[in-house]
Structures are given as C-alpha cells and as structure tokens.
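Peer 1: What follows is each chain in one-letter form.
2 protein chains.
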Amino acid sequence: MGAGMAKSIAICAVGDELLAGAHPDLNSPFLARALLEMGHEVRQVIVVGDDEALIAESVERLARSAQLVFVTGGLGPTLDDVTRHGVARAVGSELVTSPEALAQIEAWYARSRREMPSSNLRQALVPKGAKVLFNPTGTAPGFEVACETSRVLVLPGPPAELQAIWSEVVEPLLIASAPVECLRLVRSFHLQGLSESVFADQCGDWMGRDENPLLGVTVARGVLTVRCVARGQNEDQVQALLDGRADQLRERFDQWIFSQDTSDPAEVLVRLLEQRGETISCAESCTGGLLSAALTGVPGASAVFSVAHTVYSAKAKQEVLGVSEQLLRDHGAVSEQVAGAMALGAAERTGANLALSISGIAGPEGGTPERPVGLVTFGVCYRGRVWTEKRNWAPLAGRAQIRVWATSHALVRGVRALEGRLDFDQSA
Amino acid sequence: MGAGMAKSIAICAVGDELLAGAHPDLNSPFLARALLEMGHEVRQVIVVGDDEALIAESVERLARSAQLVFVTGGLGPTLDDVTRHGVARAVGSELVTSPEALAQIEAWYARSRREMPSSNLRQALVPKGAKVLFNPTGTAPGFEVACETSRVLVLPGPPAELQAIWSEVVEPLLIASAPVECLRLVRSFHLQGLSESVFADQCGDWMGRDENPLLGVTVARGVLTVRCVARGQNEDQVQALLDGRADQLRERFDQWIFSQDTSDPAEVLVRLLEQRGETISCAESCTGGLLSAALTGVPGASAVFSVAHTVYSAKAKQEVLGVSEQLLRDHGAVSEQVAGAMALGAAERTGANLALSISGIAGPEGGTPERPVGLVTFGVCYRGRVWTEKRNWAPLAGRAQIRVWATSHALVRGVRALEGRLDFDQSA
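Residue numbers (numbering that gives the first Met the number 0), protein chains in the order written: chain A, 0 to 427; chain B, 0 to 427.
Treat the hints with caution; some may be incorrect.
Same chains, same label: a pair holds when it works inside one copy or across any pair of copies.
What the hints assert, rightly or not - Using 25 Å as the maximum straight-line C-alpha spacing, the simulated SDA-like pairs for lysine to any residue come out as follows:
{"hint": "1", "residue 1": "K314", "residue 2": "R348"}
{"hint": "2", "residue 1": "K389", "residue 2": "S111"}
{"hint": "3", "residue 1": "K389", "residue 2": "R112"}
{"hint": "4", "residue 1": "K314", "residue 2": "L182"}
{"hint": "5", "residue 1": "K389", "residue 2": "A109"}
{"hint": "6", "residue 1": "K314", "residue 2": "D263"}
{"hint": "7", "residue 1": "K389", "residue 2": "E114"}
{"hint": "8", "residue 1": "K389", "residue 2": "P116"}
{"hint": "9", "residue 1": "K389", "residue 2": "G215"}
{"hint": "10", "residue 1": "K130", "residue 2": "R420"}
{"hint": "11", "residue 1": "K314", "residue 2": "G299"}
{"hint": "12", "residue 1": "K389", "residue 2": "W107"}
{"hint": "13", "residue 1": "K314", "residue 2": "E347"}
{"hint": "14", "residue 1": "K314", "residue 2": "R270"}
{"hint": "15", "residue 1": "K389", "residue 2": "Y108"}
{"hint": "16", "residue 1": "K314", "residue 2": "G350"}
{"hint": "17", "residue 1": "K314", "residue 2": "A302"}
{"hint": "18", "residue 1": "K389", "residue 2": "E266"}
{"hint": "19", "residue 1": "K389", "residue 2": "P298"}
{"hint": "20", "residue 1": "K130", "residue 2": "N391"}
{"hint": "21", "residue 1": "K389", "residue 2": "E93"}
{"hint": "22", "residue 1": "K389", "residue 2": "R113"}
Read the hints as simulated data drawn from the structure, not as lab findings. Owing to the predicted nature of the structure, the values given are computational and were not obtained by experimental measurement.
Kindly generate the complete structure, drawing on both the sequences and the hints.
Peer 2: Written as structure tokens, this is what we have:
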C-alpha cells in the first residue's frame, strides 16, 4: 500500500437479489479494482438485502473503521429499495427531497421523451445535507454524506450505471479531494486465445501484489485484459517501468495480443477495415449471428459491413452460400473444408474483401466421438484466398461460452488476416 | 423471515483475491441459492481478505445474530491462508492437528499418486473440538465448530470444491439436523415492454417488505422478472397465496407477461414453434444478428430455424429480401413499411412460417428530427400476413441497450403472433 497516503475503504453492497443467489455482486470487484489502481485497498465488503435496519447498522459500523464507505444498489424507485432510508438512519439525518436530484431525474425523462412516473419522486430523496452525485446514464442520482469522520458515497446498483458514475463523477471527485501524490499510469493489453491460469503460470511473479507495475487480469467474452499500473515520482520513471513490462509481455505473449486500445476485437477489426477502405461479411452456423452482431455493435460499422448470413442447416449452407452437397457429405458440416467453402461463398456472393465463417458444435447435444461438443471450425477468405482452422473447447464450458469464444476467435483471425499474419499457404 | 422456522444465516467469504477486484465472490451466490431452495434466507455476507484478526472479528459478530455461519476460502496450505486461525480465535479454541483430517489429506495424495508436501500438514489443523467435513475433490477438509449458540461451517474456497462439499456433505448434514418446517414456494413471471418504475407504480404496495407473497423485481436484457415468494404452514395455504397474487398480476399486467418458465423470450418462442411444428427466420438491420443469435442460443433451435439474414445496407435489403427500391425511397429504411417488406421477404425467401424483422436507428449517429436515435420499427410475417409496429426508446440508453431491447421486443412479438394475440388487420 505504500506511503500511508492510502485510505481505508469498505463497501456495503445492497440488494435482495445479491443474497438470493441470482446475481453475484459485480460492483464490489469493479470498485475494488478501480480503487486499488488509485493506491487504495478495500478492506471489507458487506452484502445485505434491501433491509433498512441492516443497511443502517452496516454503514454505521463500516464508517467507524473506514475513511471511505461505498454503498451500492437499492436506489431504485420501488418500495423495496430502501438504501437511502438506511443511510439516512445511519447518519442520523432525515430524508428530504433534493431539488437538484429531482431536476436530474426530470431532465432524464425529458431527454427520454417520456413522462416521469410518480414513483420516481422517491429517487430524489437524500439525507439532509447530502451532496448529490450526477448519474450520467440512469435515473437514480447518487449522493455523498458524512458519517462521523467518514465519507459515505452512495451509488446506483446497475453495473452500467455504477461504472459510468464512477468514471465520470466519483473518480474525479476522489482525485480532486485527495490528490494522488505519486504519479500513476496505466497501460492495457488485450489477448485472445489464452486462459487466465496459463497466463498466470507463464508470467510468474509479475502478478505479485507488491510488484510495480501492478498487473491485473480480467477475462470477458474470451478476451484476457492485462492492466499494468505503474507508480512513481515522475513521468519518465513511470513510463520506463511500463515500457520494461510491456517489452516483457510482448516477448512472451505477442501471438495472443490483438490490441492495446480496446478489448473488443470487433472494434479493432472494423477500424482496420475502415482505414483500408475494405469490407467484411460473415457466414455463421453455430454462433448463429453473434459474429454479425459483434461487428454491427461497433458504431459506424455500416462503412465496412453490408450483409451477413446465418446458415444453420446444411440446406442453407448450400442455397445461400453455394457450399457443395458433395463437400458437406464428404467432410460433414463441421469441418475445415466446409468452413473454408462458407467463407469463400460469403466473399463471392457479397463482394466483401474479407469474409469470416464459423461452423461448430456448441452443444449440449450433437456431439459425436469424432466431432465432440466444443469442436469449432473457422474459415477466413481475404482477397480471394482461403485459410481454415479448427479448435476444440471443453464441452463443459457450455453452449453460450463456446459460442462467445468462437466469435472472439473468428474476429481476431480477421484482424490477423488484415495484418498479414495468417499463413494462407499453410492452410488445409 | 415469517414464522421463525427458517434459520438466520450469514456467510463470511475470505480471500485477498476477492478484494483485489480480480474475481467476484461466486461461492456466496451459490450457497445463498442452495439455502434459499431449502427455505433459508441468507441475511448478510461479509467479504474480507486473508486477515486473521478481521476473520475472527467477522465470524464472532455474525455468530451473534445468525444461527448458521458459513465461512468460505482461505484453507489452502500456504502461509497466507489463515482462515482456520481466524475461526479458532473467534471460538476461543486452540488449533490442533486432526488425525481424521490428516488421514483425508494423505488419502488424497495417495489417490493422486503424488507425495504430500509438508506444507499440507497445515491443512490438518482445526480448532479443538471441531467436526471434520470430508472434501470430496480437494486437499482442504472443511470443519464445523460451535460459536456461542451458532454453528460455524468452514468450507474450502475453490468453487468446484465448495460445490462438491456442499452437495455431498453439508446439504445432507443440514437436512438431517434441521428439517424445514415452514413451507416456502416461489412463482415467477417474466414481462417485456414495461420498466421497473412503471411496474412499481402500478403494483403499489404489493412490493412492501412484509407482504406475503413477497414480491421481488429484477431487470435483464429488457425483461422484467417478478418473483413471488409465499410462506406458510402447508402447501394449500401457500399455493392459495400464490394463486391470489398471480391472478392479480395477470389482471393488471397480462399484456406484458410472456412466460412463467424462462426469462428468455427466444426460448419461449423456439419451444412454441417446436410444439406446433412451425419454423422461423429473421431479417435484421440495426440489431445486426442479435435476433438470430438469440434464437440459435436456444439448444435445439435447429428444429425450427435454418437461415437468417443481416441486411445492414439498403442494397442488401433489396438484393437479399427483395424490398423494393421505391418503398425504401418513399418511406426510408427505418419505417414500418420497410420492416413489413423485410419480414415478408424473409418469409417468402426462406419458406419459414414466421419471420421477424427489425430496422431502426441504434445510434449514436444517424438520427434525424423525424427519425431520432432510438426509433425502431418491427415487422412480423406469420402465415403470409404482415403486422408492423414502431417504438421509440430513449437515445440516451445507448446503442447496445437499444439493440438488446429491440431484440427482446421482436421475440415477444413473435410469441404473440403464435398465440393469436397480434391484430394483423389493424397493422399499417
């Protein structure tokens, strides 16, 4: 934790759903990570249901030992949301309607061109004297209030809202009120095709908690994001620390790194195509539209993307993409040969420079000893040349996960094709 | 908690990694869910790092208010694992080597045909008087110990080990020692097209915390899930409570309810089609594959789904689906007319009984005063007849959210078409 500048921090996560086993608490890990990168360690998290007395008791207790207490969730408009009541009780204040909070909620509804239901009035209630924190994406404003010598920051529970209010409001507020005296810079690397444990094994003690740079790893949608956070007294020193670790990472993990900017391989691919004035299409079987959805999820995708096909049945592969019946019979729909023919067919029929295809067995049914669940074949057709590949994922990972991994995998293969890093001559 | 038969339960999850933002705590949701299904509600979860004093303090405090305290994690062989020390301190016992625990660890190594490192001796330590709980998959035995009037159950942290020890050892132990005397039943309703606040407004005090049934609401992917949990002494009484609330919910919210089984409208739609031996296709613009991906996300979708198209450009709408240039020019690509033509084209060209189409402006760019971001038009073609609709979502919701809402909306329109609840005569 270093030089005693660090604050003692606790989190109280509120929500019946967190205790009903429906959802893990994702906000606390997010906050803990973000705070750790600022040099602060979270010492304790308490998760309680939507229970006013228990919220009050927890906040009060945490405020006795922590300088900063975050409370998340339970700020919705419905009667079961009682976080503001619990916090008011903890700090011994009454709840009052904040004109500022009300104005924010009304503005949200005005922007949405919808009428504000009267239940939302409840969301304008804050403990008397609280400072309202603007919620950039939802209707529930957050607020800050003092409890004994602690600062209590109360934030909305939906993760997207929590993350937006953190980065736009809370993080700047913390930096402004307690300037970090040592410089802190972050550099990220996004990898595809490597598991968290293999990464951890291969990077050894770089992940130690006292390392500088501090290395953190998160995994989402088949993408491993490595964040390096370096600290030091001046920019040269911190950049040198980051450069050193970056070199080591590139040396060991270059084949898996696809980006330093964004963890979304679809975005990397769309931007690359844009820069080159090229176009893409895709042909999907087991992913059934996820690849197309990922590409069109990138704002501005229309500059490079016009059409794509989900060809779930053998008949559709023949009719829509011209895959030959013979090929399907000889090799089966899940084969490198058919994946290659799908990519070629998609490129020829849509006129796209680049076409990606996926055909696999996502399960839970449909596996055979030769073609087990988790087998996925890929095709890339770039400027008329075809490259294919097959992968085996663990059947146990499940249908949804296999489809998501296959999608990220195909997108990164597209990036590699544009970068000239796929060996089209070596393909089956 | 109602009739006082259910146990008051708390969990203390231990592990530095849980506070470093690397991993959410998945054990607590697992235990909470499993306990809830036995009729017990978890009232509180505390997450602390590998810190002996804090573990001791947390366990002691939880044992004062809960009858059953679960402690998870921190039972590894390394020096940073101090859960057994913290628990021993909380219950005021010394740690002793348990011959039974030692035998289990030795047996584990014998089965793995590996030599036991001496560090594993540490895992045989338990507070004096503790009952050892057999770990079916790992080296760390769990144990149970009394703390004041509470039972404290200490379990290994790796989720696979936790889940194995739960189902093979802990659950049978709880059932044997405390049969559930108060009956508790759950019924869920899944709604689409209604916000949490509007629902709350219309259901009034049904959501109060002392209501029986207790009503809880969660929102995901544009679907609102209402859980009713009723408690009572016997099945007739509890079923009657649920029936009463279910009737009221149906009376007020029938037009939005699409399922009682699953919150996934794609699953409802695929199952309905399967039962009727009918087939589906879709044609997407702004959702760009999400609809197709949702349908193929349902295991067994191949029985009803063969092919779908993403037609992002005007040209693709013409070429792939036969939408006329005239129609596109007269009404624009985002119009009920074009959405209707897309659905009709998809049905005709794929031979599917049911075709769904979506064309809209997901943003952030591309909006105009007449066609703002958030405007989405839908088409349904069922057995040759076409129905269309338009919706306006708040631009602020953002591209990703608008696409997800539009997808759920279209799927539920498909369900309604099959149920005979779309008025095809009234369509534009």
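Peer 1: Now tell me, hint by hint, if it's right for this structure.
Peer 2: These are the hints, each one checked on the structure:
no.	hint	in the structure
1	K314 - R348	both (16 Å within a copy, 13 Å between copies)
2	K389 - S111	between (46 Å within a copy, 16 Å between copies)
3	K389 - R112	between (49 Å within a copy, 15 Å between copies)
4	K314 - L182	neither (60 Å within a copy, 52 Å between copies)
5	K389 - A109	between (51 Å within a copy, 20 Å between copies)
6	K314 - D263	neither (32 Å within a copy, 28 Å between copies)
7	K389 - E114	between (53 Å within a copy, 18 Å between copies)
8	K389 - P116	between (53 Å within a copy, 22 Å between copies)
9	K389 - G215	neither (30 Å within a copy, 45 Å between copies)
10	K130 - R420	neither (54 Å within a copy, 49 Å between copies)
11	K314 - G299	between (33 Å within a copy, 17 Å between copies)
12	K389 - W107	between (48 Å within a copy, 22 Å between copies)
13	K314 - E347	both (18 Å within a copy, 16 Å between copies)
14	K314 - R270	between (34 Å within a copy, 22 Å between copies)
15	K389 - Y108	between (50 Å within a copy, 20 Å between copies)
16	K314 - G350	both (22 Å within a copy, 12 Å between copies)
17	K314 - A302	between (31 Å within a copy, 13 Å between copies)
18	K389 - E266	within (24 Å within a copy, 29 Å between copies)
19	K389 - P298	between (30 Å within a copy, 22 Å between copies)
20	K130 - N391	neither (53 Å within a copy, 33 Å between copies)
21	K389 - E93	neither (63 Å within a copy, 45 Å between copies)
22	K389 - R113	between (50 Å within a copy, 16 Å between copies)
The structure is inconsistent with the numbered hints 4, 6, 9, 10, 20, 21, although it conforms to all the rest.
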